[in-house]
Amino acid sequence: ILNVEQSPQSLHVQEGDSTNFTCSFPSSNFYALHWYRWETAKSPEALFVMTLNGDEKKKGRISATLNTKEGYSYLYIKGSQPEDSATYLCAFLQGGSEKLVFGKGTKLTVNP
Amino acid sequence: DGGITQSPKYLFRKEGQNVTLSCEQNLNHDAMYWYRQDPGQGLRLIYYSQIVNDFQKGDIAEGYSVSREKKESFPLTVTSAQKNPTAFYLCASSFSRLNTEAFFGQGTRLTVV
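Residue numbers (the numbering used here), protein chains in the order written: chain H, 89 to 200; chain C, 2 to 114.
Worth flagging that the hints you see were computed from the coordinates, not collected in a lab. Hints are supplied without guarantee of correctness; some may be wrong.
Computed footprint of chain C on chain H, listed as stretches where at least three residues anywhere in the stretch have a Cβ under 8 Å from a Cβ of chain C [claimed, not checked]:
| no. | stretch |
| --- | --- |
| 1 | 133 to 144 |
| 2 | 152 to 161 |
| 3 | 187 to 197 |
Source: prediction; values computed, not measured. Built from N, CA and C at the ideal position, the CB exists for glycine as well.
Turn these sequences into a full structure, and let the hints guide you.
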C-alpha cells in the first residue's frame, strides 16, 4: 500500500495569517496529485489536480506547488479567513494505477 | 443539477445483517469509487469501477460487495462478514483517468448496534 503523508495533522491560525501544509508521496512513477477541501457536514471538493513537475496552481488566496522528483506538494493559503477552516486532503495517483490514495489530511482552524 | 447522491445519510444496522448503501451520479462519469473513513485515518479505498459491469477490489474490500449494472449507480453492500462496519462511507465519481478531479457524495454514516 502506498504511503501518502500530510503535515501538520492540525493547525490553528489567526484570521489574516498565511499558512502552508505539506503532502509527501512516493517519487517514483508519478501520475497525478489532487488537493481537496473538506468542510464539516459537506462533501470534499477539489481544489487542484496537478500532473507536471514544477506545476504551480492558484485559486483565489489558495495556491499549490508540486515537486514530483522529491515527492512533495505544498498548499499555501494567503491571509486566512474563518471560512477557510476545513480539512485539506491530498491524494496521489501512481502511473499504471486506477487508485487514488489519500493522506490523513490537515485540519485547519482559522480563529476570527 | 449534476451531482452525486448518497443515501441514506445515517444508517443503523443490527449485527449480523447485510445493508446496502446507495450511490447515484448524473455526471456521465465512467469511474466510481467507495471509500471508508475511520477516526484518525485517511480515506481508504474499498472498491472501484472504471466501467459498467466491471469493478475491482481496493485496499480493504473484505466483507464488502458491489455491483455496477448501470453507469449511474454503484451500490455498496456491507455484509455480515465485515468485522468492523461502523464507519463513515463516501462515494465518488470521475472521468475515467484521474487526471481530473473526483466528485464526492455527502456520505453515509453507518452504525452497527
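Outcome of the hint check:
1. For a cut-off of 8 Å, the count of residues in the stretch 133 to 144 of chain H with a CB near a CB of chain C stands at 4, and the three-residue condition holds.
2. Look at the stretch 152 to 161 of chain H against chain C: 0 of its residues bring a Cβ nearer than 8 Å to a Cβ of that chain, fewer than three, so the hint is violated.
3. Requiring three or more residues with a Cβ within less than 8 Å of a Cβ of chain C, the coverage given for the stretch 187 to 197 of chain H holds, as 7 such residues are present.
This entry does not satisfy hint 2, going by the numbered hints stated previously; all others are met.
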